[in-house]
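Colleague: So you can see what is in the structure, the chains are spelled out below.
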Amino acid sequence: MNKKLRSFNSPTFLAYALIAPAAIYILLIVAWPVLETIRLSFTNSSLAGEDYVGFENYEKMLSSKKFNKIVTRTFVWMFFSVSLKLIIGLIGAILLNANLRGRSMFRVLIMPPWVVPIAIGMLGWLWLYNGYFGIIAGVGMHTGILDGPFGFLAYKQSAFISTIVADVWVGTPMVTVFFLAAMQGVPRDLYEAAYCDGASRWDRFFKITLPQITPVIITMSILSAIWTFNSFEIIWILTEGGPRGATTTLIIDTYKQALGNYKFGRGAARAVVVMILLTLFAGFYLALLARINKKISHG
Amino acid sequence: MDKYKLYEKIILYFSITIFLIFILLPFVEMFYASLRPLDHLFRSPYQFFSDDLSFWAYREMWNTVPMLPRYIFNSFFLASVTSLITLLFVIPAAYSYARFNFPFKNSSLYILLAINMFSGAVLLIPLYKVLRTFGLLNTYQAMIVPGVAFLIPTAIWLLKSYFEKIPVDLEEAAFVDGASRVQILRHIIAPLSTPGLVVVGIYAFIGAYAQQFLFAITFNQKKEYMPIPSGLYEFIGYTTVKWNEMMAASLVGIAPVLIVFLFLQKYIVEGLTSGAVKN
Numbered sequence: 001m002n003k004k005l006r007s008f009n010s011p012t013f014l015a016y017a018l019i020a021p022a023a024i025y026i027l028l029i030v031a032w033p034v035l036e037t038i039r040l041s042f043t044n045s046s047l048a049g050e051d052y053v054g055f056e057n058y059e060k061m062l063s064s065k066k067f068n069k070i071v072t073r074t075f076v077w078m079f080f081s082v083s084l085k086l087i088i089g090l091i092g093a094i095l096l097n098a099n100l101r102g103r104s105m106f107r108v109l110i111m112p113p114w115v116v117p118i119a120i121g122m123l124g125w126l127w128l129y130n131g132y133f134g135i136i137a138g139v140g141m142h143t144g145i146l147d148g149p150f151g152f153l154a155y156k157q158s159a160f161i162s163t164i165v166a167d168v169w170v171g172t173p174m175v176t177v178f179f180l181a182a183m184q185g186v187p188r189d190l191y192e193a194a195y196c197d198g199a200s201r202w203d204r205f206f207k208i209t210l211p212q213i214t215p216v217i218i219t220m221s222i223l224s225a226i227w228t229f230n231s232f233e234i235i236w237i238l239t240e241g242g243p244r245g246a247t248t249t250l251i252i253d254t255y256k257q258a259l260g261n262y263k264f265g266r267g268a269a270r271a272v273v274v275m276i277l278l279t280l281f282a283g284f285y286l287a288l289l290a291r292i293n294k295k296i297s298h299g
Numbered sequence: 001m002d003k004y005k006l007y008e009k010i011i012l013y014f015s016i017t018i019f020l021i022f023i024l025l026p027f028v029e030m031f032y033a034s035l036r037p038l039d040h041l042f043r044s045p046y047q048f049f050s051d052d053l054s055f056w057a058y059r060e061m062w063n064t065v066p067m068l069p070r071y072i073f074n075s076f077f078l079a080s081v082t083s084l085i086t087l088l089f090v091i092p093a094a095y096s097y098a099r100f101n102f103p104f105k106n107s108s109l110y111i112l113l114a115i116n117m118f119s120g121a122v123l124l125i126p127l128y129k130v131l132r133t134f135g136l137l138n139t140y141q142a143m144i145v146p147g148v149a150f151l152i153p154t155a156i157w158l159l160k161s162y163f164e165k166i167p168v169d170l171e172e173a174a175f176v177d178g179a180s181r182v183q184i185l186r187h188i189i190a191p192l193s194t195p196g197l198v199v200v201g202i203y204a205f206i207g208a209y210a211q212q213f214l215f216a217i218t219f220n221q222k223k224e225y226m227p228i229p230s231g232l233y234e235f236i237g238y239t240t241v242k243w244n245e246m247m248a249a250s251l252v253g254i255a256p257v258l259i260v261f262l263f264l265q266k267y268i269v270e271g272l273t274s275g276a277v278k279n
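Just so you know, the sequences run in chain order A and B. With the numbering used here, you'll find the first sequence wraps up at 299, consecutive numbering, no jumps. With the numbering used here, you'll find the second sequence wraps up at 279, consecutive numbering, no jumps.
Just chain B, with the same shape it has in the complex:
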């Protein structure tokens, strides 16, 4: 095939740079702001450069918002519990969709897809009333219960495609040899589907970590249970916003998801796109 000419290469690299600037500018600016002293940030006229960059904000933020460690813990805790519960519901369902034929199989799969389209924001009113009736407002459950429901549909689709890749012959051979369904599940399905389970688990974790904000601001008013996305708003004070510390805390807050994603991005992207592209 033809090679790129030099000027074509330059145009391509130049366009990629512009594209990446658009995508990464907020993060770069967040990081830069986190390194600058507050009075440098608030200089007028605007100044691009500060001479005394430091990681001071990363130390000071824990004093400004004493609950910060708790918020970070809450975020992790909520996302972990939400994704584990999601897996518990999704594993049997996905297995069933991958292996068996039954009435309403396809239509129910499509209904699952359709549920994905109803965001939590539309259903907040009845959810609020339900949680209030059961006394669950201002608890961890207030954020976990709705969180799981909105992760189940995609997780089923994802995991189903992993289960489908495991050859049926293996299971049938074991069945003929007298293995029970439980034994098959434990000794054949579970080990072979570990990579798939990890990817779906991570997808659920990232999703749960991301969706906390809406449920947190609507269903929870208690500081002890607040996740980091809503906790960050404490840097906005009555008189001034401590932007540098808020940006430092934000970056600390997104670091875990970014690291997890970087290590597993190849599998996640493959998993998410294979369904949509090849179907």
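Same shape as in the complex, but just chain A:
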């Protein structure tokens, strides 16, 4: 074999060649747009054209009270949604992990919100939240909790809560499934030894299950924080960010600025803020993942 042929056959060249198509595709459709967004955020780009404006978009954005409110709102929305997903997901996983008849069927029955297109699932929630004809208002009126029709998406506070509930509905199945998988991965002999030592079911949960699945809990909390932060369709379909901006999160605001008003420059400045926050989350997640992996491979 001559030298040229050998280098052609060397795995490194082959390895890169095999990855190249996917890598180039992602560079074009994801990486380049990221750079372009950063560039656009320094312009007043619109459908008409664009001029360089320096930091104007950022100055306007950061000095506006509205924007600061949106950032706070995004984090409050995210906090409630993620905590609920984790708590309900953990309880759900415990329930589905119990040795009961029918549990394999229950495990399948919790999946639909995860699999079904969000946009279609939200039509169901639109109907549930309907003030006159939805079942939630219906039950409320029949039991006397509500004294008349109540549009859950029509008032600031109830709309805020309603969008959180719908987001929890979409996100919980996945969290549950991951927690469940983690619980099933805990070695059985740990439980048997504890049982022989007389540990109660409660003790076994807090002393064995919980510590064993902590890495997965940490991973899932960061991942669902990222997904919740990115959540767009749920709010857009239910409220479009309303009423009077009560459910406008950063992502919704970015979309409205950019593609509702075609103010690409202003939208891009918001998108850059979103990307910076996402990068922080992602960095945090990857660092943690690396640490967990290290711990597992060493311990």
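Accuracy of the hints is not assured; some may be wrong.
[Claimed, not checked] So the derived label-pair ranges between C-beta atoms look like this:
| id | chain 1 | residue 1 | chain 2 | residue 2 | range |
| --- | --- | --- | --- | --- | --- |
| 1 | A | N68 | B | K266 | 46 to 52 Å |
| 2 | B | L20 | A | K294 | 37 to 43 Å |
| 3 | A | G151 | B | S107 | 47 to 53 Å |
| 4 | A | G144 | B | L38 | 52 to 58 Å |
| 5 | A | T72 | B | M67 | 40 to 46 Å |
| 6 | B | S80 | A | L47 | 29 to 35 Å |
| 7 | A | T72 | B | S107 | 41 to 47 Å |
| 8 | A | I276 | B | L20 | 36 to 42 Å |
| 9 | A | F13 | B | D169 | 22 to 28 Å |
| 10 | A | S104 | B | K223 | 39 to 45 Å |
| 11 | A | I292 | B | F42 | 49 to 55 Å |
| 12 | B | K223 | A | G151 | 44 to 50 Å |
| 13 | B | P66 | A | F75 | 44 to 50 Å |
| 14 | A | E59 | B | L38 | 50 to 56 Å |
Treat the hints as calculated values from the structure; they're not laboratory data. We treat Cβ as the ideally placed atom computed from N, Cα and C, and that holds for glycine.
Starting from the structure of chain A, add chain B where the hints point.
Modeller: For chain B alone, kept in the frame of chain A given last:
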């Protein structure tokens, strides 16, 4: 191990029921609404029951929205093409990650994970401009091109773990016997990885089916190319919303993904969780 006492069983079943009601209520209500006549749905004060349930809405919906068959076809078409293209890009990349060691292997894998975190919603502005420059707005491609990009990262991770399960010895033995890389790929890798390819393909299909909405409402205004999630909004008329027909059409729209998922749920869940849990 200890058995559950009767009262513990009751508490467990009761809690599971509540959990399932939360998860399934929207679907149950959608189905129930689809069976009720429109004037029953719009009764005030609220009524829980209708006496004349029928599948009438499932027939009438095709008249209310004549383009409905086209939207369903579009959804299938977009999801199929998107997942096939995804596979084309992912198979060689995943194989390379599973088999070879090379500089930047781990860091590039982590970058792939990080890309997963940027949703399409953030990058819509430049994507819109790119698609506009290339004259791709209001075409099928407008929804396929960005769709593929956001499916590639997870698909690579998934397929990589399947390829890793195929013993290297098999390939090495064939290599020693003088088989070329192409022959190895065709006669050893391809048949052994079929189950993995099916799972990843289905994952991509479900993902592509689900993510259509955002790209469809932003990059496409033409009815002929609309997928079902955005087509459903045609049931919202100027004066009244035909809720029963909209719910019927929604259920028809989600039926294919649900059926596919039900048959393969075990493999999909295993595949998706094994990476996150065991890594």
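Colleague: Taking 22 to 28 Å as the stated bounds, is the beta-carbon spacing between F13 (chain A) and D169 (chain B) within them?
Modeller: Because 24 Å falls inside the window, the suggested range holds.
Colleague: Could you tell me whether the CB distance from T72 (chain A) to M67 (chain B) stays inside 40 to 46 Å?
Modeller: This hint holds: roughly 43 Å between Cβ atoms.
Colleague: For the pair L20 (chain B) and K294 (chain A), does the Cβ-Cβ distance stay inside 37 to 43 Å?
Modeller: Holds: the Cβ-Cβ distance is about 39 Å, inside 37 to 43 Å.
Colleague: For E59 (chain A) and L38 (chain B), compare the CB-CB distance with the range 50 to 56 Å and indicate the outcome.
Modeller: Between E59 (chain A) and L38 (chain B), where Cβ atoms are some 53 Å apart, the hint holds.
Colleague: Does the Cβ-Cβ separation between G151 (chain A) and S107 (chain B) fall within 47 to 53 Å?
Modeller: holds, 50 Å
Colleague: Indicate whether the distance between the beta carbons of S104 (chain A) and K223 (chain B) respects the range 39 to 45 Å.
Modeller: holds, 43 Å
Colleague: Could you see if the CB distance from K223 (chain B) to G151 (chain A) stays within 44 to 50 Å?
Modeller: Cβ of K223 (chain B) to Cβ of G151 (chain A): about 30 Å, so the range 44 to 50 Å is violated.
Colleague: Quick check: does the Cβ-Cβ distance between S80 (chain B) and L47 (chain A) fall within 29 to 35 Å?
Modeller: holds, 33 Å
Colleague: Okay, T72 (chain A) versus S107 (chain B) on CB: inside 41 to 47 Å?
Modeller: This hint is violated: roughly 35 Å between Cβ atoms.
Colleague: Do N68 (chain A) and K266 (chain B) keep their Cβ atoms within the hinted range of 46 to 52 Å?
Modeller: Given a distance of about 48 Å, which is inside 46 to 52 Å, the answer is holds.
Colleague: Just to be sure I understand the hint, the distance between the Cβ atoms of G144 (chain A) and L38 (chain B) should be within 52 to 58 Å; is that true here?
Modeller: violated, 28 Å
Colleague: Assuming the hint says 44 to 50 Å, is it satisfied by the Cβ distance from P66 (chain B) to F75 (chain A) or not?
Modeller: holds, 45 Å
In the structure shown, a violation is registered for the earlier hints numbered 4, 7 and 12, in ascending order.
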